[in-house]
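Given the coordinates of chain E, assemble chain V onto it according to the supplied hints.
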Amino acid sequence: MSENSKKTENEIVEEFGYFDEWLDKYEYLIELGKSLPSMPESSKTDDRLIKGCQSRVWLDCHVEDGKLYFSADSDAIITKGIISLLIKVCSGETPEDLSMYDFGFIEKIGLKDNLSPTRANGLVSMIARIKEMALEAVASKTENGK
Amino acid sequence: MFDVNAIRAEFPALSGKVYGKPIVYFDNAATSQRPRCVLEAADRFSVVSNANIHRAVHRMADDATQAYEAAREAVRAFIGADSAEEIIFTSGATAAMNLAAFSFCERFVSEGDVIVVSAVEHHSDIVPWQLAALRKGASLRVIPVNEDGTLDLSGLDRILDGPVRIVAVAQISNVLGIRNPVEKIIEAAHARSIPVLVDGAQGIVHERTDVKRLGCDFYAFSGHKIFAATGTGVLYGRRELLEEMPPYMGGGEMVGHVTFDKTTYAPLPLKFEAGTPNFIGQATFTQALGFAGKLFADDAVEYTDGLTAYMYDRLACYPGLKLFGECRTGRIPLFSFNIGGVHHEDLALVLDKMGIAVRSGQLCAEPLMDRFGVTGMVRASLLPYNTKEEIDYFMESLDRAVRMLK
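Residue numbers (the numbering used here), protein chains in the order written: chain E, 1 to 146; chain V, 1001 to 1406.
Okay, chain E solo, but in the shape it has when bound (with noise of 0.2 Å):
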């Protein structure tokens, strides 16, 4: 990963770290929620929904110098505050590198424990998401390269 990656993820460990109390990181996730700006409802389209959470979670990227942009949009406020994080730590990575990315920082941050287990939330189907999307960026150079 890109040093910029690692010093957004970084930051948002020691920004969890600040919280004791679960709600009160609940309410940071809300906060990253709100902030994160709304796809325009037109590029909420199904093929942009990511299966297996319980609220609708649209996920969208586009390559540009050869690094991977993300914008992501959820209908309910955690899911997307937990997808803002994601794609604030994802964008700006090559495919090669986002491919093989271990999302330490979720386990750190304390989000592995109480949210993955739950199938509700469906941080396993986003991060499973981003990471078919790097394959498919990957794949798509090495046709290009043909």
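Simulated from the structure, these hints should not be mistaken for lab results. Being a predicted model, the structure only gives us computed values, none of them experimental. Accuracy of the hints is not assured; some may be wrong.
To be verified - Here are the in silico distance ranges between beta carbons for each label pair: (1) V/D1399 to E/D75: 41 to 51 Å; (2) E/E14 to V/G1290: 50 to 60 Å; (3) E/D75 to V/G1251: 42 to 52 Å; (4) E/E11 to V/P1022: 26 to 36 Å; (5) E/E11 to V/D1313: 31 to 41 Å; (6) E/E11 to V/P1181: 27 to 37 Å.
Unchecked claim - For lysine-lysine, the following BS3-like pairs were computed, each having C-alpha atoms within a straight-line distance of at most 27 Å: (7) E/K51 to E/K108; (8) V/K1017 to E/K108; (9) V/K1406 to E/K51; (10) E/K88 to E/K44; (11) E/K25 to V/K1406; (12) V/K1406 to E/K34; (13) V/K1021 to E/K25; (14) V/K1021 to E/K108; (15) V/K1406 to E/K88; (16) E/K25 to V/K1017; (17) E/K44 to V/K1406; (18) E/K44 to E/K67; (19) V/K1017 to E/K34.
We put the CB at the ideal spot given by N, CA and C, even for glycine.
Just chain V, lined up with the frame of chain E:
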């Protein structure tokens, strides 16, 4: 006088904590907590009678068989069935309805026939019938639901007209918490000689149910929603129907004689209990139903009705809250709602961090979500071990959660 603290003291789970906060368990429609007598019985059976039932001649196996069959008798008495042979143990209400749908339709449903369900059914009382209908070339008809959550029986005659072979309806909706007019439906169906299955998953723990008085032909419920161990359930069926129906699964104790040419089946109820059942879990029905019986005493019912009315009133006057199924009568303490501008999942996640367990999402009833035009709801479901203080804390927490989320 009903002493809720004495009841609560029987449930170790209710004094537990989550995120350092006392748990408020409002997800009883999904599963109930278990009283000490059930926990201890399960532990005891696991030690002294963990041997496969019905087969061996040794003492441990005999003890296990006796505990299992005693539980069957406890279930029979609890629901007022004529005979223990009409009580089939299953892994839960879902398994019970799958068994009923498969075996009944194998025998009684053919191409062009019709199966009737209601608009408020749980997926477990829809999908098994759909699978059977697909196999048999039959179709499904639906009794609609009114805006207030009551079933619309105005077109029932038309719905029951023609080659209708069975009606399947919930005693109490798992989303709306409203009792359905099952007696009326049974009467109308029986007038046309159509049998009726009642899904008692929610009804069994909230209403003294007598299958003879109700007049249903099948009654399905889960043990784990009425204090028994998980992985337990019952299908009651009228003997004449069960006798006619083919087995659902083969093997184990469901056989009479087996040759490579032909197999005969064991008599009821074992004909429908292939393989090693969850004999330790099922055996806890004895303790669970003994306990549940206490909650049908007049003072306990009065207490529960008080909880229902109290929570209904608190929710009804909450600004921006939409309660689904506003009918005030015939309710159990189960409430599904949404709050304008707040996602059901967000509410459930924040309430969880405040120590409150509720369900959110489609509540296993997607057609009903579509009917009300929502992607999901928040559901709070209580039992007589819950308290007004918990409701107060719930309302305060709801308020706080909404302020955080809006």
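Status of each hint after checking the structure:
1. V/D1399 to E/D75: 41 to 51 Å: 22 Å, violated
2. E/E14 to V/G1290: 50 to 60 Å: Given a distance of about 55 Å, which is inside 50 to 60 Å, the answer is holds.
3. E/D75 to V/G1251: 42 to 52 Å: 47 Å, holds
4. E/E11 to V/P1022: 26 to 36 Å: 35 Å, holds
5. E/E11 to V/D1313: 31 to 41 Å: 47 Å, violated
6. E/E11 to V/P1181: 27 to 37 Å: For V/P1181 against E/E11, whose Cβ atoms are near 60 Å apart, the range 27 to 37 Å is violated.
7. E/K51 to E/K108: 25 Å, holds
8. V/K1017 to E/K108: 23 Å, holds
9. V/K1406 to E/K51: 26 Å, holds
10. E/K88 to E/K44: At roughly 19 Å apart (the allowed maximum being 27 Å), E/K44 and E/K88 satisfy the hint.
11. E/K25 to V/K1406: At roughly 17 Å apart (the allowed maximum being 27 Å), V/K1406 and E/K25 satisfy the hint.
12. V/K1406 to E/K34: 9 Å, holds
13. V/K1021 to E/K25: Holds: V/K1021 and E/K25 sit about 16 Å apart, inside 27 Å.
14. V/K1021 to E/K108: 23 Å, holds
15. V/K1406 to E/K88: 23 Å, holds
16. E/K25 to V/K1017: 19 Å, holds
17. E/K44 to V/K1406: Holds, at roughly 22 Å.
18. E/K44 to E/K67: 23 Å, holds
19. V/K1017 to E/K34: Roughly 30 Å between the alpha carbons, so the hint for V/K1017 and E/K34 is violated.
Consistency note: the structure conflicts with the earlier hints numbered 1, 5, 6, 19.
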